[in-house]
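Peer 1: In case you want the letters, here they are:
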Amino acid sequence: MIGALIAIAPGPYVTIQDQGRRGWRRFGIAVAGAMDLDSLALANALVANPPYAAALEFAHVGGTWEIATKACRIAITGGSFEVWADGVALAPWRSHTLRYGQRLVIGGARDAVWGYLAIAGSFDIMPRLGSSATHIRSALGGINGCRLREGDALPLRAARLFVGAERQVAPPSRPPGPLRLVLGPQQEFFTPETVEAFLASTYRVTHRGDRMGMWLEGPKIAHARGYNVLSDGLVPGCVQVPGAGQPVVLLMDCQTVGGYPKLGTIITADLPRFAQIRPGGEVTFTAIDIEAAHQAYRHHHNMLTRTAQLIVDVPGT
Amino acid sequence: MTVEFGDAIAPELNNAVIGLDIALAAAEPDGIIETVPTYRSLLICYDPLETSFVQLVSEVRGLLARGLPAQINETATWRVPFVSDPPFADDLPEVAHRQSLTEDEVISLFTSVEYQVYMVGFAPGMPYLGGLPDALHISRKETPRPQVPAGAVMIGGIQACIVPTIVPSAWYTLGRTPLRPFMPDRQDPFLFRPGDRVRFRRVDVGEFERLARLGTQALLSMVRAAR
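Taken in sequence, the protein lines are chains A and B.
Quick note: the first sequence, position 215, residue 215 per our numbering, numbers continuous.
Quick note: the second sequence, position 53, residue 53 per our numbering, numbers continuous.
The set of hints was computed from the structure by calculation and includes no laboratory data.
There is no bait here: all hints are sound.
Selected chain B positions facing chain A (in silico; Cβ < 7 Å):
| # | residue |
| --- | --- |
| 1 | I33 |
| 2 | E34 |
| 3 | T38 |
| 4 | Y39 |
| 5 | P48 |
| 6 | V120 |
| 7 | F122 |
| 8 | A123 |
| 9 | G125 |
| 10 | M126 |
| 11 | F190 |
Pair ranges (Cβ atoms, derived):
| # | chain 1 | residue 1 | chain 2 | residue 2 | range |
| --- | --- | --- | --- | --- | --- |
| 12 | A | P127 | B | L220 | 20 to 26 Å |
| 13 | B | R224 | A | Q309 | 52 to 58 Å |
| 14 | A | I2 | B | P69 | 48 to 54 Å |
| 15 | A | V163 | B | P69 | 55 to 61 Å |
We put the CB at the ideal spot given by N, CA and C, even for glycine.
Pulled out of the complex, with its shape left as it was, chain B reads as follows (with noise of 0.2 Å):
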């Protein structure tokens, strides 16, 4: 079952998903498998031995017109360190020459904003982040690179995201992070939630490298401001 509020990128929606996605999960209605929000909707997997499409429409529209938590609660803000010179940045050129402006101006529009989290997934952990600025809005590729590389930050349409793990893409590279939004063997495997901020720092090779060769853990501490 699907549930949408709207058909558009805004933190307005998105919100309203995310307050519909905790207030379900307080309720803890019988039959619920899994929910997964995305930018104006919620997907919610049921066991229909358990529960019917009916009881849960009803539980759903009792839950709206009660009213969803306006608070979004536990969101972190990052602030997420990438280098962006050769030979991390395969597409500044290209993004630099299409929107008219230097590699510098990109990158500092770039990191000039805040964004937020829309939702998670496609790959394991990747985060949608909304907020790029106008003038960095670029229409996709018309060929997918078959592998961009974990960490590539990277830009396409109106978003930007952050790569978990080797994946197809017809968005644009603009650096490399030493984060993973992944990371398998920790107790947390997925960095970014729904709602969380994201800011970006520019650092160079050397700063790049000095942040790869640190724990996980360093790195973490380093990058979170705040959950």
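The shape of chain A in the complex, shown without the other chains (with noise of 0.2 Å):
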């Protein structure tokens, strides 16, 4: 064995996240992946690991751990995490390199939900239907489709020998403003002017969420029509409106079909800012159509692809 990364005190929410599933859906399984596609890409960028491999991702607190291997670089994206090694305060957004036995322990952040701990060379995990992603419901991914708990020692693969400079990055830019959702597919089960006043209103992040979906509590959005809908599928973004009329956006651990109303969908570009929002965070909302959605999709990644590009050697390291 290469060693293992050990789970010392880990955070109440951490899980191995990747890309998430594709292709399962058709058979009830959740996509999952990290709900900061965004920043698990750059946490695995910083550590020379390709885009999408699979990391440690953790809500509100990340805990403590213990590096069981002789040397290893890891890099903390997501938000602003408070880090230390052995007691010395660390920057999220730049890669470390740290030795055998030292203590890592990941704090809060104030701008941000969830954060990434990656590992170069990842983690040696055997992927279920095709990825490592933690689906809790369905008992796939990660460590028997579980949360880490204390005492779990997550194996490691080894990793390109890396020598020379730290790599530091940039936060990705996520202008604030309303979030951009195209209309529909239940758009019959809403009169226009529910939906006027829907995107006129303000809405409250709350407590009450997880990697399914997130509750949020503003005016209530009435339903013309009933809110029982014959299943059909959903995706991550949906925003369904079940019957007390307070939407529910759904997330990357969302079930693959539903039977509420589905007033729109948050495009995909903006998923990662939105399930950053912190609880008590207001969000607005704005229409776009199609082809809108998808100009901001090729924008998007675009400037993914820009701020990969602009890590950068840390000076002195």
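Both chains come to you apart, so use the hints to assemble them.
Peer 2: Right, here's the structure in full:
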């Protein structure tokens, strides 16, 4: 064995994630994968991994980890997380080389929910249905499909020997402003006035949420003709409106089919930004058409490619 | 992109969905990531870097204009053994009471028909079964049961299902089967496909326990009639 990363006191919600599973939704298997795919890709880029190599994802707090390999390079992204190695503060959004026995403590961030710890070479774990992404409800991916627990030893894959300077990158730019969504496919369940009122309102991100979906709180959305749709396909980003009229935004672990009317879908380019909004944060929405959504997707893709190209050496390392 | 064929649970709508799914898979247009066939609509997930909405709409229109495959290929028929005695049939007394039937009448009605798998989803490999006799149509519970075990055979609304993994559910448990719709360690982890037919066969507790001890392969060869 090359070595391991040991969970000494992991945060309350740490899982292994990658890009998620593709091609299995037709069988009821959620996509899963990182809530903030941009931050996952950048963490991996900092340690010279492929963009969507498996990494640790943690909610709010990362916890304490121990390095049980001779030396390794790590990087933490997602937000301005407070990080220490044996009591010495480390900056996020850059790589660090740690040695055997060092303890890594990952605290919280004021500007994010989801954090990522990538390690050069990634983890040596068996993919399930083509992905290492943990989906707890299906008991798939990661370590037995579970959250990581105290005492877990995550085996490491050999990294290309990485000598030379540490690397750093600026966090991806995420201009504020309304979240963009494409209306439908169940618009007939809402009157035009209702949709207009929704788009003019401010909603608050609540504490009621997880990797499956996030409940918002704000002006009640009225249904024009009940709230039971014949169950049909769902994707991350869908804005469902259950009976009580408060919207739920579905996220990476969302079920594959569902029976509440869908008012719209937040565009893929804006989903990482939405996922990182902390409880209590406010959001507004703006409707765009499908062509504009695709343009935003291409723009986002290019932006991310450019950001990855902006990874630079840390002077003096 | 969602292609809707209607707004009902009906074999002809579901067949159209499955037909388009098959036709699309055969045509292999660029940029399609995956599709999700449901009762009456097909969800098509695509990569906007490789195709466009307009392009896909035109592909789909073309396939529809050429006519969809009438025969759904490769469907299987399953004879699913299940036990409906305590402690495996938590909600059978309530169903009997609500429907003004005896428990035996509920089970003989339930086993009297052949069901069609309309879609697979919600949980890994979970089949949504249509064809439930009218006398068993029942509105969902107000409060879902937080944990229904794998193998539970349930009814809710006008449908039935077989539970693959522990799920919360507002449906009613009529019994338990040793079959698992989702077996992650098998090469093909999913038992059911849309279009498959399912019949239920009541067994007693002793037979259930005997079947539960059989290996997966032996059990599958007993319950699969054709594919």
